[in-house]
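Chains as they are written, first to last, in the working numbering: chain A, 1 to 320; chain B, 1 to 318.
One or more hints might be untrue.
Said to hold, decoys possible - Simulated restraints, written as ranges between beta carbons of each label pair: (1) B/PRO234 with A/ALA220: 45 to 53 angstroms; (2) A/ASN269 with B/GLN67: 19 to 27 angstroms; (3) B/SER69 with A/ARG312: 27 to 35 angstroms.
Unchecked claim - Cross-link-like lysine to aspartate or glutamate pairs, in silico, DMTMM-like; alpha carbons within 20 angstroms at most: (4) B/LYS222 with A/GLU37; (5) B/LYS203 with A/ASP121; (6) A/LYS32 with B/ASP161; (7) A/LYS257 with A/GLU37; (8) A/LYS34 with B/GLU280.
The hints are simulated quantities; they were obtained by calculation from the structure and are not laboratory data.
For clarity, every value in this text was computed on a predicted model and none was experimentally measured.
Each residue gets a CB set at the ideal place from its N, CA and C atoms; glycine is no exception.
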Amino acid sequence: MSTGEKLVQLVIVIALFVGVMAVVLVIADRLKSKRGESLQTVAFLLPAVLMIGIGLLYPAVRTMYESFRNAASTGFVGFENYQTIFTNGDQLTVLRNTALWVILTPILATFIGLVYAILIDRSRFEKFAKALIFLPMAISLVGASLIWKFVYDYRSTENDQIGLANQILKSLGFDTYRFLLTDPWNTIFLVVILIWVQAGFAMTILSASIKAIPDDIVEAAKLDGVSGVRMFRYITVPSIRPSLIVVLTAISITTLKVFDIVRTATGGNFKTSVLAYEFYVQSFRSFNNGLGAALAVLLFVLVLPIVIYNIRQMRRLEAQ
Amino acid sequence: MTTTTPQMPTTNVDGKTRRRAAEAAEEAHQRLSSPWASFAAIIIAVVWTVPTLGLLISSFRPQASVQSSGWWTWFTNPEFTLENYDAVLQGGNVNLGTYFVNTAVITIPGVIIPITLATMAAYAFAWMRFPGRDTLFVAVFALQIVPIQVTMIPLLKLYVDPPFGLPQLAGGDAPGGGFYTIWLSHSIFALPLAIYLLHNFMKEIPAELIEAARVDGAGHVKIFTRIMLPLMTPAIAAFAIFQFLWVWNDLLVALVFGGGSLDVSPLTVRLAELSGSRGEDWHLLAAGAFVSLIVPLVVFVAGQRYFVRGLLAGSVKG
Chain A
1 MSTGEKLVQL VIVIALFVGV MAVVLVIADR LKSKRGESLQ TVAFLLPAVL
51 MIGIGLLYPA VRTMYESFRN AASTGFVGFE NYQTIFTNGD QLTVLRNTAL
101 WVILTPILAT FIGLVYAILI DRSRFEKFAK ALIFLPMAIS LVGASLIWKF
151 VYDYRSTEND QIGLANQILK SLGFDTYRFL LTDPWNTIFL VVILIWVQAG
201 FAMTILSASI KAIPDDIVEA AKLDGVSGVR MFRYITVPSI RPSLIVVLTA
251 ISITTLKVFD IVRTATGGNF KTSVLAYEFY VQSFRSFNNG LGAALAVLLF
301 VLVLPIVIYN IRQMRRLEAQ
Chain B
1 MTTTTPQMPT TNVDGKTRRR AAEAAEEAHQ RLSSPWASFA AIIIAVVWTV
51 PTLGLLISSF RPQASVQSSG WWTWFTNPEF TLENYDAVLQ GGNVNLGTYF
101 VNTAVITIPG VIIPITLATM AAYAFAWMRF PGRDTLFVAV FALQIVPIQV
151 TMIPLLKLYV DPPFGLPQLA GGDAPGGGFY TIWLSHSIFA LPLAIYLLHN
201 FMKEIPAELI EAARVDGAGH VKIFTRIMLP LMTPAIAAFA IFQFLWVWND
251 LLVALVFGGG SLDVSPLTVR LAELSGSRGE DWHLLAAGAF VSLIVPLVVF
301 VAGQRYFVRG LLAGSVKG
């Protein structure tokens with residue numbers, strides 16, 4: 001397809017969509033009676049509900065069903081796919097890596113974001129300092145992975161280095177290191193990429209939350225002689241606890257679904273695969289539908305408690 | 001979840017403000033005078049900035065230099081060329097220009113369609129009365145947590161082999177060269193969160209306003225288009241920026257539903273491929289990376305105000 005044809009497609013789809021929606025609204029506007037009102041409700045609601053039902057609900061149920069069937073989806077195998085995930089050596093590595101990602105990323109990204117937010121709070125360069133940490137959020141994870149692959153680039157010690165990390169090692173007198181090839185540390189170096197992206201998100205929300213702490217609490221604490229680390233521990237952290245939970249939850253869920261970084265940086269080789277990537281490999285490369293579905297369902301099962309905890313926290317907060 | 005407006009600094013300089021400003025300055029001074037604290041802040045800022053700076057500098061260096069010396073030598077030996085950008089945008093075997101167009105063609109409907117549908121559905125959930133409303137809303141909310149991976153294979157099968165003799169959306173002679181499946185998928189995946197957030201914003205609008213309009217004889221469509229949409233513009237903008245960044249930067253949806261076809265693959269797919277097949281061509285990868293991030297960066301910086309407010313909605317309380 002030529003560029004022109006693509007743009008024509010773009011115009012067609014937008015015109016089609018806007019046209020249909022306009023017609024729907026105009027017709028709905030003419031329906032005045034009681035029955036008309038319920039037709040209006042249908043017009044407003046149906047497109048979205050239909051798309052969600054067919055595009056999310058049905059596939060999710062279907063995938064759960066497929067996860068109990070064999071590679072070609074032709075017969076039932078019971079829990080065999082789940083058994084494979086928890087016994088097969090490769091799959092266990094995937095689980096270990098996923099655990100490393102989910103433990104390290106939210107905690108470190110949130111911690112760095114929080115510390116940074118406090119350090120630059122009300123400083124003269126606050127806006128600029130925030131922008132520096134904030135900008136990686138706009139970069140695609142593919143772009144971020146490229147940026148860090150360049151930092152990690154390996155050349156043997158006697159050569160000139162083009163990767164910053166190995167140049168630093170070399171100037172300190174160490175041998176250069178294959179950051180992305182050596183298991184299990186390579187997973188940690190991939191985690192660094194996501195921390196780099198997510199810390200800005202944590203910083204933004206926590207910074208706003210810190211600014212919302214009432215002045216009189218801070219002043220009262222100061223009068224009592226509280227300062228420094230103790231102020232942080234006893235005043236700041238408890239005051240922003242709800243935001244901390246939101247940030248940790250959001251980053252945990254993003255982390256569980258991380259796919260782009262692993263695919264771009266190592267292609268899942270050298271024992272760096274994670275659940276979300278392994279799902280893609282099994283489903284679209286190894287054509288093992290059953291195992292792919294089971295991995296996806298496991299992903300869902302892992303997200304579930306995090307979300308439930310979050311909802312309960314929110315309820316408690318609203319009840320107060 | 002409730003939304004809170006961020007506190008605005010008072011503009012009139014009364015005694016209290018001045019006192020607070022003085023205190024703040026003193027505090028900042030104290031904090032900054034702690035050498036460890038400022039050292040830590042500077043370290044973080046440097047680590048967050050330098051990797052991108054390195055790639056940016058490399059994208060303007062000649063190929064031979066990029067491959068033989070570190071980008072930091074540029075400070076002592078500055079060189080400048082646009083060849084890398086020329087090569088990735090127009091060069092024969094890389095040609096990112098095409099993929100750039102693909103990304104744009106994917107993104108624009110991928111933002112407009114879900115946001116329109118979500119705004120309407122959110123209005124229905126917030127201001128229309130119908131049986132089963134609360135149950136349905138909770139169901140939509142709950143579907144947010146289904147990871148898209150869980151839905152992909154059955155959805156793909158529906159596109160390729162739809163029931164009831166509906167037209168095929170993917171495969172052989174798909175309409176629009178295969179863009180429709182990507183547009184539709186992005187729209188579907190965005191809906192639950194969009195409906196949920198926009199519903200929360202809409203609930204903040206005083207009910208009296210709606211009731212007064214109803215008494216004056218305005219129907220739902222008039223209220224929606226004349227009252228809601230103007231009032232909702234900031235919230236819609238916030239979510240639009242979210243959705244824009246998400247779709248522009250997406251890799252997984254494009255890979256799965258684009259089927260790797262050159263005609264519909266966005267920049268991210270191409271860059272990921274390049275990085276796998278030519279890990280040493282850093283001059284091209286660097287330029288490519290910057291081509292891909294310039295548009296989201298501009299949108300992000302321009303819409304930061306809305307974006308931050310959207311991020312903060314419901315998360316900052318007290």
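Item checked: Restraint status (C-alpha distance of A/LYS257 to A/GLU37 at most 20 angstroms) -> Violated. A/LYS257 to A/GLU37 sits at ~41 angstroms, over the 20 angstroms cutoff.
Checklist line | Satisfaction of hint between B/GLU280 and A/LYS34, Cα-Cα up to 20 angstroms | finding: The given pair, whose Cα atoms are some 68 angstroms apart, is violated under the 20 angstroms limit.
Notebook entry, point to check: For the pair supplied as a hint, B/LYS203 and A/ASP121, is the alpha-carbon distance within the 20 angstroms limit?
Noted result: violated, 33 angstroms
Next item on the list: Just tell me: holds or violated, for the beta carbon distance of B/PRO234 and A/ALA220 against 45 to 53 angstroms?
Entry: violated, 36 angstroms
Checklist line | Hinted pair B/LYS222 and A/GLU37, Cα distance within 20 angstroms | finding: The given pair, whose Cα atoms are some 13 angstroms apart, holds under the 20 angstroms limit.
Margin query: Please check whether A/ASN269 and B/GLN67 have a Cβ separation lying inside 19 to 27 angstroms.
Written below: The hint (19 to 27 angstroms, Cβ to Cβ) holds, given that A/ASN269 and B/GLN67 are roughly 23 angstroms apart.
Check: Given the hint that A/LYS32 pairs with B/ASP161, does the C-alpha gap stay at or below 20 angstroms?
Finding: violated, 40 angstroms
Margin query: 27 to 35 angstroms was suggested as the range; check whether the CB atoms of B/SER69 and A/ARG312 agree with it.
Written below: Roughly 56 angstroms apart at Cβ, these two residues miss the hinted range, so it is violated.
When held up to the earlier numbered hints, the structure conflicts with 1, 3, 5, 6, 7 and 8 and fits the remainder.
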